[in-house]
Amino acid sequence: MSTRTYTLGLLVSLALLLALVAGFNRVIDPFWYYRDIQIPGLNAVKPRFAPYERHVKPQLLARIHPQAIVIGSSLTEIGFDTNDPALTEGGKLSGYNFAFAGAGWDLTQCYFQYAAQATDLKRVAFEIQPQAMPGVDCTHRLAEIENFSQVKFLLSVTALNDSLRTVFEQHRGRSSHTREGRFLYARGDFAYVLARFREIFLGRVRSTPQCTLAHIPDHPPPSAQFLSIDITPRPGLDLTGLRSMLQTARARGIKLRLFLPPEHALLLELHFLCGTYAQRWADIAAIARVVAEEAHDGDIQLWDFYGYNDWTGESVVGHETVYWQDPYHLNYELGSLMLAEMFGDRPEGPLGHRITPTNVAEAYHEFLASRTRYLATHPRFYKELRTTLAPRP
Amino acid sequence: MLFNSYPFLFAFLPITLLGFYLIARASHTLAAAWLAAASFVFYGWWNPWYVILLMISIACNFAVGLAILRRQGQRGSGRLLAFGVTANLLLLGYYKYADFFVSNLNTVGAGIALPHVILPLGISFFTFTQIAFLADAYEGKAAEYRFTHYCLFVSYFPHLIAGPILHHKEMMPQFAQRETYQLNWENFAVGLTILFIGLFKKTFLADGVAFYARPAFEWVGQGLPLTAVDAWGGALAYAFQIYFDFSGYSDMAIGLSRLFGVRLPLNFDSPYKAASIIDFWRRWHMTLSRFLRDYLYFTLGGNRKGVVRRYINVMITMLLGGLWHGANWTFVVWGGLHGLYLLINHAWRSLRQRYGWPIDPGRTGKAAAVLLTFTATVVAWVFFRADSINHAGAMVQAMVGMNGVTLPYKWFNWWFVGPWLARCGVHFENTQTFGGFTQLKWLAICALIAWLAPNTQQILRAFRPALGIEPDNVGHWWLWRPTRLWLTACVIVALFAVLSLTEVSEFIYFQF
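Chains as they are written, first to last, in our numbering: chain X, 1 to 393; chain H, 1001 to 1512.
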């Protein structure tokens, strides 16, 4: 072969192959970005949305302009169906799950800023944790979103790899997410759910020096034992980022619900047993004060879903869970109940409480009371806790 | 503009090539001017204002060089040389080290506001290239001095931003010869092959393994303790990242230049195959080593003034070489560590000679030497990569196991090994930054390529890919030839290289 033929062959072959790859990725659309070609058996199932969701979701949000969204970490991404009538005002608003696996406060704050600029938001359910929420410089993150090039969806090794995997994984019959961005995670895989409970509980016990398996008592300690904690707002907790977000929401007339997500009652019990339950409430008190200062009407509210009840205490051993995928990750069936309470159809329902600066102590006492009631009516609860923590055979 | 970007590969390069060969039909001087102009555009893409700085630097150095040439052997040429070198060093010092200098003064209470000087890209490279020109002019080694060619010699875009550091005498004859301006399909075939191999190393290998380096250094940067496996995972990933980054860049520079019919000197020669630190520095950033040896080490007296002075000179050279890489004490420590390694290496050699120990260590001995050299290099890279000496120290502490050893939780079920390791005190938990088997696979692939695969210049040896490499057809099945097999391989490499462009990241050596 002459060097001329080699050179021309190299350039022409490369150009043809690049065109072929771009065409293939465009048709398969592994990241569910274009959403116009759907062929059963070829690309209808989208198992590979997850790895690129941080790129795709912001672009989709800017394209479909939803008015009702949820923002948060994987808890929210898994736990909320954004077609829910409570969120969408009975279907009047278009909904989208704008939550991201692994997103902490720094990211969710920026995603809120982005969403507030990119679409006309009416309703937002925003997951927070009782912790510092400082101001974050989102310039870099927003620039990254805005400068994202679609070429990456067509011409990248990841896109090619994920297109091929999409084609080969059609037989599995399940996408990683719903069309509206809800992550399905381990939904329906009950063996995995139980394994996750075990793994998280054992990790929790291992990582807390004062809490070992040997310290788990046979019978629950009474709630009165946990009554005396300090519930004054924790001084010095940096909430400047939260304050700025609330100001944005108020200026744009967004109906914003900040919520502290529920955890499975078995995990709540571990917090008590391991002695790590107290600080949460002082942080909530500080957050409630900022929310009260910034929210002059009922549009911005703070909700807490901690509690012992039939939903959070759902049995996980020898049982196909409906509400939980692991002690943190709830299913949308539970999320729907939360949305109904937060957005008005079932205000102050059995699941959560709206928190204000004046009722934090009351909320904590009610939390303890729910524990007492629940343990009294569920004598097998501690047996289940011990079974879940027991070493694997 | 980055070599690994769409605008460069699909717009700048084709237009520059087309213009060069079309204009060359009419005039070689105009074609050289076109290439120099294109190089200024390439440079100005980043910050157009700094093109003026580059032009002033070129014009002044050319004038001083010319004056030195005219006064060769006469009084005053030495003073002109000193003036030129000092002016270049002052320029470099201001743009590269002003903030560093002031912030160090501030640590002892000077209270001076930082000037916040923006570092012009490639200033270290074009300054050193021109210092070498002035020194060569003084010694009568720089003969050809047309301004267009000089402009092109300094600004030539394949080397402008991250080297190699060129010698006047290597490049000027090539710009003057007729063949450079004639379309040559062999140059295209060889140049494109080297370019795509380099691009693959950068975008696929270096950027791929970088994914595993970043988290470990960021973790330590936040003041959080790492365990040994996480730390080694991060340090090794960085060692391979910088290896393939610089190797890829060096290949691309050589390949791009070859498209214009110009051969560049070799800058990278499988340094992780080195069996000693002395050997490492003959293979890593070869043109910088050459510059430091010729213009700093020899000027300090080299090895002509006794053993102690020799060792002092080596240490000074390496400390300044470290500082050349960046205005941070971490680079000085990196240079110092390599200086120390070199001293130990030289002392060891002297000892072997004195006692008549065998020079050939045998296969096992050589493998051990390669491994030891590599390990020493990895430790030094930690200082090169870390944000501060404290963070580097924390990383090294973690690497020696001072924060314990933790393996991924999933690995506990390894046959009998997991439980046995657990009994030995190894923890099995979710690791902080280590990526498990996927990271191991990446490290293994990188190690196999770095240690066992022939390098680009060996593969292309029959076609003299770089200056100083004589054609050699003796051979191996893997020697490149324009065949269907090589065409297929190159198309695959090029495809993956271009598809990996989507994460546009800078070459590490651009910041120096």
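Calculated directly from the structure, the hints in this document are not laboratory data.
Fair warning: there could be bad hints in the mix.
Said to hold, decoys possible - With beta-carbon atoms standing in for the labels, derived distance ranges: (1) A1347(H) with V12(X): 53 to 59 Å; (2) R165(X) with Y1094(H): 48 to 54 Å; (3) L1183(H) with P51(X): 40 to 46 Å; (4) R1293(H) with V27(X): 54 to 60 Å; (5) V27(X) with R1214(H): 32 to 38 Å; (6) M1(X) with L1372(H): 56 to 62 Å; (7) G1221(H) with E89(X): 43 to 49 Å; (8) R1293(H) with F148(X): 32 to 38 Å; (9) A1113(H) with Q247(X): 31 to 37 Å.
Because the structure is a prediction, the values reported are computed rather than measured.
Even glycine gets a Cβ: it sits at the ideal position worked out from N, Cα and C.
Results for each hint:
no., hint, verdict
1, A1347(H) with V12(X): 53 to 59 Å, "holds (58 Å)"
2, R165(X) with Y1094(H): 48 to 54 Å, "holds (53 Å)"
3, L1183(H) with P51(X): 40 to 46 Å, "holds (45 Å)"
4, R1293(H) with V27(X): 54 to 60 Å, "holds (57 Å)"
5, V27(X) with R1214(H): 32 to 38 Å, "holds (34 Å)"
6, M1(X) with L1372(H): 56 to 62 Å, "violated (44 Å)"
7, G1221(H) with E89(X): 43 to 49 Å, "holds (46 Å)"
8, R1293(H) with F148(X): 32 to 38 Å, "violated (46 Å)"
9, A1113(H) with Q247(X): 31 to 37 Å, "holds (33 Å)"
Consistency note: the structure conflicts with the earlier hints numbered 6 and 8.
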